[in-house]
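**Q** From first to last, the protein sequence lines stand for chains A and B.
Numbered by our numbering, the letters in the first sequence go through residues -15 to 247 in order.
Numbered by our numbering, the letters in the second sequence go through residues 2 to 361 in order.
Keep in mind the hints are simulated off the structure, nothing from the lab.
For glycine and all other residues, C-beta sits at the position ideal for the given N, C-alpha and C.
Just so you know, not all the hints are guaranteed correct.
Said to hold, decoys possible - Simulated DEER-style distance windows between Cβ atoms: (1) 46/A to 32/B: 50 to 58 Å; (2) 130/B to 103/A: 23 to 31 Å; (3) 92/B to 191/A: 42 to 50 Å; (4) 185/A to 131/B: 40 to 48 Å; (5) 42/B to 46/A: 34 to 42 Å; (6) 42/B to 95/A: 26 to 34 Å; (7) 42/B to 144/A: 49 to 57 Å.
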Amino acid sequence: MTWSEMEPLLEQACWDTLYMVGWSALIAVLGGLPLGVLLVLTDRGGVLQNVVVNKVVGQVVNIARSMPFIILMVALISFTRAIVGTTIGPEAAIVPLAIGAIPFYARLVETSVREVDGGLVEAVQSMGGSTWTVVRKVLLPESLPSLISSATTTVVALIGYSAMAGTVGAGGLGDLAVRYGYLRFETKLMWITVAILAVVIAIIQFAGDLAARGLSHRGRSSAAPRLVLLRRGGVSRAGKPAPEPERQDAPAEIETAEPTKVP
Amino acid sequence: MITTTDLTKVYRSRGREVTALDGVDLHVREGEVYGVVGQSGAGKSTLIRCVNLLERPTSGTVSVAGQDLTALAGRGRGAPPGGSWGSAGSALRQARSRIGMVFQHFNLLSSRTVRDNVELPLEILGVSGRERTRKALELLELVGLADKAKAYPAQLSGGQKQRVGVARALAGDPKVLLSDEATSALDPETTRSILQLLRDLNRQLGLTVLLITHEMDVVKTICDSAALMRDGRIVESGSVSELLATPGSELARELFPVGGVPSGEDRTVVDVTFQGEAATKPVISQLSRMYNIDISILGAAMDTVGGHQVGRMRIELPGRFEENVVPIGFLREQGLQVDVAAIADGPRANPTPLLKEGAK
Chain A
-15 MTWSEMEPLL
-5 EQACWDTLYM
5 VGWSALIAVL
15 GGLPLGVLLV
25 LTDRGGVLQN
35 VVVNKVVGQV
45 VNIARSMPFI
55 ILMVALISFT
65 RAIVGTTIGP
75 EAAIVPLAIG
85 AIPFYARLVE
95 TSVREVDGGL
105 VEAVQSMGGS
115 TWTVVRKVLL
125 PESLPSLISS
135 ATTTVVALIG
145 YSAMAGTVGA
155 GGLGDLAVRY
165 GYLRFETKLM
175 WITVAILAVV
185 IAIIQFAGDL
195 AARGLSHRGR
205 SSAAPRLVLL
215 RRGGVSRAGK
225 PAPEPERQDA
235 PAEIETAEPT
245 KVP
Chain B
2 MITTTDLTKV
12 YRSRGREVTA
22 LDGVDLHVRE
32 GEVYGVVGQS
42 GAGKSTLIRC
52 VNLLERPTSG
62 TVSVAGQDLT
72 ALAGRGRGAP
82 PGGSWGSAGS
92 ALRQARSRIG
102 MVFQHFNLLS
112 SRTVRDNVEL
122 PLEILGVSGR
132 ERTRKALELL
142 ELVGLADKAK
152 AYPAQLSGGQ
162 KQRVGVARAL
172 AGDPKVLLSD
182 EATSALDPET
192 TRSILQLLRD
202 LNRQLGLTVL
212 LITHEMDVVK
222 TICDSAALMR
232 DGRIVESGSV
242 SELLATPGSE
252 LARELFPVGG
262 VPSGEDRTVV
272 DVTFQGEAAT
282 KPVISQLSRM
292 YNIDISILGA
302 AMDTVGGHQV
312 GRMRIELPGR
322 FEENVVPIGF
332 LREQGLQVDV
342 AAIADGPRAN
352 PTPLLKEGAK
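Please build the complete structure, drawing on both the sequences and the hints.
**A** Now the structure itself:
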């Protein structure tokens, strides 16, 4: 297979992947975010403690997550038809991809939001803040860097899932690697596809980390995974006073120097 | 200003019941600084959280500025399991916004700048943008952090963070400020400056302050009144000078601890509390000259409380109590409060039972 033969195939596959993953990621974030927050709020000791709701939502999320993606796709066929009017092609793949990714992201959101210090919630409540205020002014902004990291993870996972979307004729890079590279022994094409995927994922991860890092003012490395090189740069400047808000080094020492809580 | 009646809080977890508050009656007068002291687990934190209903008491009532908060709808955190949907009702939220609260760990939002942190309560109150900024900068000026408005909390020192915490607590123009161990995470120097700030605010704005602490120094430095808590009950309470004038007061003893064991048998150990005018008179040397006795000082603690010099001293007189009735009488005549410590049955310092030889 020559490059001129491969090129249009690759181009089409790239666009298909981008299309499917883009839409399903957007839907997953929009759906997973409230679900994850709900899981935290209704949990024992939460602002809206409600064991029944928490257990039901938790179980639904667990079941959805335990479903192998390919089975989910088949199981959702009639639902997909009802929504997008077809069961084949990229549009049809978006539905199961999004449905599969919502619980995935919801669990990640739950973990991120749970990390937020309960004292902050209490502080806002003591100011007369409602539950909605707590969510909007505390839980989401404080966990934002972590939420972005989680979204990055979700997008990367979706790219992996999208390879299976080939079963409904949705195309995409993963599908190309399977059909041409594996089934037709076009080894060269397969490796090119894999290389493209690797580069795409590296770029997404880099962008996600950068965004998470830029939004974190915490002065601690807990929220988002940082790039080793960038971090090393930050550490070497420790000791000097921090001239910019983004600088993460000096205050970290103050944080850890505080005595632990004496209740 | 703040009154709690028969406040009780019982926590139930896994079938076990823990009584955190056991019938607490607290009365904080308007414009005073009231300190609640006690050891860890005495129920101080629960008490202060019950005052703005972050914890809903199991029974009893809380009223702040004449409003019965416990009667307001809604629930705080830690409501009984299976509680209903919906958090605090709007009436309760409104009442809370008029009570400022300062926390031990500051609880500032790391994602917001200092100014935005101070603006937060105003956002909740629905104050317009420009007015919020004006008010926030004014408050930062008040706590001496006007130059840090654009910084993030992670860039501030502990003392600065707590100043921001205080500024934030004042944003809603509260009449009452609750301070939950506000200085416990700070070093002594910073503690003093934060206490000074609270004192100034109390004077300038007529703010009523209820603070809980485990540091006696805090009470000594700024409190007008104090209460001692143990096992969910208030053991002693009253104004600091009243407490000092109460014979055998535990709080007085802890505020001004005087240690020291008698040097031998046949000695009378006397705890003398100086207050007001009497504190300025050289009574001990007068006593020594007048009765020609040798007095040893076993321990002493002097301090200035609310601008008055007060202190306690443990002195030792030679001879048994019966032989020292006259010198002790002299001390009482000088307007001092004298407690004769019963040390006879053991050399333990700081004996708990003091003979009820009260003054007056």
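**Q** Against each hint, give a clear statement of whether it holds in the structure.
**A** Against the structure, the hints:
1. 46/A to 32/B: 50 to 58 Å: Since residue 46/A and residue 32/B have Cβ atoms about 56 Å apart, the given range 50 to 58 Å holds.
2. 130/B to 103/A: 23 to 31 Å: Given about 27 Å between the Cβ atoms, the range holds.
3. 92/B to 191/A: 42 to 50 Å: Because 47 Å falls inside the window, the suggested range holds.
4. 185/A to 131/B: 40 to 48 Å: Since the Cβ atoms of residue 185/A and residue 131/B sit about 46 Å apart, the hinted range of 40 to 48 Å holds.
5. 42/B to 46/A: 34 to 42 Å: holds, 38 Å
6. 42/B to 95/A: 26 to 34 Å: holds, 31 Å
7. 42/B to 144/A: 49 to 57 Å: holds, 51 Å
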